[in-house]
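All chains should be built: construct the whole structure from the sequences, respecting the hints.
Heads up, the numbering used here is the position in the sequence shown plus 376, with the first residue counted as 1.
The set of hints was computed from the structure by calculation and includes no laboratory data. As the structure is a computational prediction, the values presented were derived from the model and not from experiment.
Under the rule of at most 25 Å between Cα atoms (straight-line distance), these lysine to any residue pairs were calculated in the SDA-like manner:
1) Lys388 - Lys404
2) Lys555 - Leu396
3) Lys607 - Leu553
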Amino acid sequence: MSATKNKWLKYKLLRNYKPLASHVPETKRMTRDALWRLVRKYTHVIIKPVWGSRGRGVIQISSLGNNHYAVHYENVRTTIHGKEQTYRYIKGIIGSTSYMVQRRISRPTIGGRPFDLRVIIQRKRNSAAWVVTGKVAKVAGRGYIVSNNGRSKGTLLPVPTALHHSTIRHHSAMNLLSKIHRVSIRSSKHLASYFPGHRIYGLDVGVDINGKVWIIEANLYPSMSHFLKLKDRTMYRRIMSYKKS
Numbered sequence: 377m378s379a380t381k382n383k384w385l386k387y388k389l390l391r392n393y394k395p396l397a398s399h400v401p402e403t404k405r406m407t408r409d410a411l412w413r414l415v416r417k418y419t420h421v422i423i424k425p426v427w428g429s430r431g432r433g434v435i436q437i438s439s440l441g442n443n444h445y446a447v448h449y450e451n452v453r454t455t456i457h458g459k460e461q462t463y464r465y466i467k468g469i470i471g472s473t474s475y476m477v478q479r480r481i482s483r484p485t486i487g488g489r490p491f492d493l494r495v496i497i498q499r500k501r502n503s504a505a506w507v508v509t510g511k512v513a514k515v516a517g518r519g520y521i522v523s524n525n526g527r528s529k530g531t532l533l534p535v536p537t538a539l540h541h542s543t544i545r546h547h548s549a550m551n552l553l554s555k556i557h558r559v560s561i562r563s564s565k566h567l568a569s570y571f572p573g574h575r576i577y578g579l580d581v582g583v584d585i586n587g588k589v590w591i592i593e594a595n596l597y598p599s600m601s602h603f604l605k606l607k608d609r610t611m612y613r614r615i616m617s618y619k620k621s
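Printed below as a string of structure tokens:
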């Protein structure tokens, strides 16, 4: 399989780069030991396939105390007693697929539904300058943890609208957008040194309740469908024009 689709590889490239390390949530290859170590440390973790896309196979595990754990998969949340039974239940879902376990970022919500952002960063063919050409807020469908629009029947919103109506509206939107741009461009410049010739990145970016920007995931072949679904097609046209130039 292509290295460009390997989430674990891209995680390591970003996490091992000092200027970005604090923006990348701690992640391990999924093993029984790694899972319980991160659950103990963070209470909530996300496990996801190393080769997955579009929110497929993503599971959230939360410690509820008293040896009880909540497992949230698709739109079903199950409470299980005991580590062994919980691990067996998870293995029943993931089988022998290669997975990783990641600290869950507490995403802001709109009407009780969590959201994160898809940010597109591009450069023109004969230019070294990276530019944020599109960004959209992906709001999870009711009852889902994943914000993928197709998978969770969620909602897409312009980023300023989402910030204004969310639980982080007390932070300055201008300040947040500036931080998102800075982290996104720095990520693209760094990834570019490993994928020379590549001219587009799609980052899944989370902003936590304290206004801190997190890189949840980096995609080298981001889907453009989000931008096609917005009423205003300006960002879609800009992205396509960069692709051609």
